[in-house]
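Chains A and B are the protein sequences, given in the same order. Mapped onto my numbering, the consecutive letters of the first sequence carry residue numbers 1 to 354. Mapped onto my numbering, the consecutive letters of the second sequence carry residue numbers 1 to 354.
Please keep in mind that the hints were generated in silico from the structure rather than gathered at the bench. Please note that the accuracy of each hint is not assured.
Away from chain A, derived, C-beta distances all over 12 angstroms, residues of chain B [said to hold, decoys possible]:
1. Ile19
2. Glu57
3. Asp85
Here are some chain A residues pointing at chain B (derived, C-beta under 8 angstroms) [what the hints assert, rightly or not]:
4. Gln165
5. Arg183
6. His192
7. Thr199
8. Leu201
9. His217
10. Asn221
11. Phe224
12. Gly228
13. Pro235
14. Ser241
15. Phe301
16. Trp303
Glycine residues also receive a C-beta, built at the ideal position from the N, C-alpha and C atoms.
Number of protein chains: 2
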Amino acid sequence: MHLDLSAEAVTLTQQLVDIESVSGDEAAIADAIEKAVGGLDHLTVQRFGNTLVARTELGRDERVVIAGHIDTVPLNDNLPARLTDTDLHGLGTCDMKGGVAIALRAAATLPSPNRDVTYVFYECEEVEAERNGLFKLSQSHPELLEADFAILMEPSDAVVEAGCQGTMRVDVLTRGERAHSARSWKGVNAIHGAAEVLTRLNDYEPRRPVIDGLEFHEGLNAVFISGGVAGNVLPDECRISVNYRFAPDRSEEEALAHMREVFDGYEIEVSDSAPAAMPGLSVPAAAAFVEAVGGTVNPKFGWTDVARFSVLGVPAVNFGPGDPHLAHKQEEFVPLAHLRSVEAQLHTWLGAGS
Amino acid sequence: MHLDLSAEAVTLTQQLVDIESVSGDEAAIADAIEKAVGGLDHLTVQRFGNTLVARTELGRDERVVIAGHIDTVPLNDNLPARLTDTDLHGLGTCDMKGGVAIALRAAATLPSPNRDVTYVFYECEEVEAERNGLFKLSQSHPELLEADFAILMEPSDAVVEAGCQGTMRVDVLTRGERAHSARSWKGVNAIHGAAEVLTRLNDYEPRRPVIDGLEFHEGLNAVFISGGVAGNVLPDECRISVNYRFAPDRSEEEALAHMREVFDGYEIEVSDSAPAAMPGLSVPAAAAFVEAVGGTVNPKFGWTDVARFSVLGVPAVNFGPGDPHLAHKQEEFVPLAHLRSVEAQLHTWLGAGS
Chain A
1 MHLDLSAEAV TLTQQLVDIE SVSGDEAAIA DAIEKAVGGL DHLTVQRFGN
51 TLVARTELGR DERVVIAGHI DTVPLNDNLP ARLTDTDLHG LGTCDMKGGV
101 AIALRAAATL PSPNRDVTYV FYECEEVEAE RNGLFKLSQS HPELLEADFA
151 ILMEPSDAVV EAGCQGTMRV DVLTRGERAH SARSWKGVNA IHGAAEVLTR
201 LNDYEPRRPV IDGLEFHEGL NAVFISGGVA GNVLPDECRI SVNYRFAPDR
251 SEEEALAHMR EVFDGYEIEV SDSAPAAMPG LSVPAAAAFV EAVGGTVNPK
301 FGWTDVARFS VLGVPAVNFG PGDPHLAHKQ EEFVPLAHLR SVEAQLHTWL
351 GAGS
Chain B
1 MHLDLSAEAV TLTQQLVDIE SVSGDEAAIA DAIEKAVGGL DHLTVQRFGN
51 TLVARTELGR DERVVIAGHI DTVPLNDNLP ARLTDTDLHG LGTCDMKGGV
101 AIALRAAATL PSPNRDVTYV FYECEEVEAE RNGLFKLSQS HPELLEADFA
151 ILMEPSDAVV EAGCQGTMRV DVLTRGERAH SARSWKGVNA IHGAAEVLTR
201 LNDYEPRRPV IDGLEFHEGL NAVFISGGVA GNVLPDECRI SVNYRFAPDR
251 SEEEALAHMR EVFDGYEIEV SDSAPAAMPG LSVPAAAAFV EAVGGTVNPK
301 FGWTDVARFS VLGVPAVNFG PGDPHLAHKQ EEFVPLAHLR SVEAQLHTWL
351 GAGS
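Chain A on its own, in the form it takes in the complex (with noise of 0.2 angstroms):
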């Protein structure tokens, strides 16, 4: 499969999107980006299993990294791509083969940046972290993810998402003693146990705090429920999973600390977490981006792998065509408009043309 990567991008959107490549199944997209940007001579390329890492060598004040993940969700009837006058339907056209297309169009096309530019496009990010390309790259190899300042392409309306929430959840347990049920006064039901922990979840208000002049939105939500031994038995246990999202001016061992407060007198078990992303636009790479993109910057609320440069001491934002809310959905879609938006303000920050 060749990709022309002097196409505007509407067409290399479309040429990606008809790669198959669902997550685990890579194979095929990495060969065709690598074949496209290794024959560019202002790039060294390297590739670790279907990831690919494209830099440029200027010896620039800054270097920034510009990544995006070309795997998709599972084919779910909406495949080949299919273009209409304002729009590229099917899936990946979304979340997010256009912001692979962007990133690919500008590591083509601009040989000498403003900026030194890392282009990562990795592999498995719809699945478990242990499989992330970006996440392995950090383990193996941090040193090609230094820089100043990260911008991950996936969907945000074309306008900047600054910063993440972290995610956490915890299971909260009630205990009990189990009787039949013909005798329940000789037993405890953990499942009525539980009412006073939802009414905990009832009552909570989630924090809404600034930071970077962003408004963040936290959450604490039962995500699963589960109790009972047999239909005459009272149940001894009742276990109730709660997903907490925080705002990133709390790290995970705060966010855990909060839920030890929030549930005190329970036990609880932590089943998953992931840091918070700081907006981090402080910083004269991203003061400098977001001027360029028109000053309109919003919070994330959702976890996405900008908290991996965070860790790595990089910050990132999420910049890219498409509606998040789109994401996964049978009829993903992302508007032209948002493709030559988004790219014509990238190039602009890079010094296209100046």
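Chain A is fixed; fit chain B onto it per the hints.
Relative to chain A, chain B alone:
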């Protein structure tokens, strides 16, 4: 396998226990019982599957049913029977071959009881209702169960337990609206909505009505709870399965109406229902029985097959050797003293030696 109905109840119980008869596999024990009672001239014996009905036809003013199931729960390394100075141990000793042995002994050794007796030895009590031999008989030959009074020889600590509470299971549903948990304010959490349902359960005050001089004790308990879509999604449904144990002054219809009242405002689905049984101690045959066994009567909290007699208009009680709490336990046993006292009381009531 030969059963010696002239042996004392302990020996006969041991013989019955040593014939394995897990539900669905009662042919051998039914054959042995059929052979043993089939040779008795004073009884008319009929067989339906592995259920046996043996009747005296003496033209007495009253007819009573004496019934027991011949199946057991699965083996649990607790056969053959083991006799100590005070107890007989092993699968089915308590639930309920001790009671079956006493009934068989009465059938064999009381050729001319003061009341006509219908002995019923039935299959598949420990499994689903559709396979229950007593249920099947009540459907196919209800005339064979016509009587003034019935005794079910289930373990009751050798004391009369009268009536039984009904049982109903309803699923209470709470509804919400899905949303990504990173933007929880866009949805409605159905698990959080269950707080109110659980609070009603916690606040519920079960009735303890006195019926025929017996204090019953109702119960309302969540036995299962479930809800959840994914770790990052606000759930749109939560299901709380509630078991209502109701006293025999309520019909199933009244019990359901009460559930609708308790869970007013919520959708409910009935998943299971079985009626209660009135103690029925005021009918002459029952009063005479209670007097013969010494006057002590307790209410029955758990559901048993006495309710099947109640449906047929026959007052019924539980009266048998063994502690009902040992039923289905590996270590079940029956005290020899129970076997002897229950047998003596039954014989007295049926006019032995008078």
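Here is what the structure says about each hint:
no.: 1; hint: Ile19; in the structure: holds (28 angstroms)
no.: 2; hint: Glu57; in the structure: holds (38 angstroms)
no.: 3; hint: Asp85; in the structure: holds (31 angstroms)
no.: 4; hint: Gln165; in the structure: holds (6 angstroms)
no.: 5; hint: Arg183; in the structure: holds (5 angstroms)
no.: 6; hint: His192; in the structure: holds (5 angstroms)
no.: 7; hint: Thr199; in the structure: holds (5 angstroms)
no.: 8; hint: Leu201; in the structure: holds (5 angstroms)
no.: 9; hint: His217; in the structure: holds (7 angstroms)
no.: 10; hint: Asn221; in the structure: holds (5 angstroms)
no.: 11; hint: Phe224; in the structure: holds (3 angstroms)
no.: 12; hint: Gly228; in the structure: holds (3 angstroms)
no.: 13; hint: Pro235; in the structure: holds (7 angstroms)
no.: 14; hint: Ser241; in the structure: holds (7 angstroms)
no.: 15; hint: Phe301; in the structure: holds (5 angstroms)
no.: 16; hint: Trp303; in the structure: holds (7 angstroms)
Every hint from the earlier list agrees with this structure, and none is contradicted.
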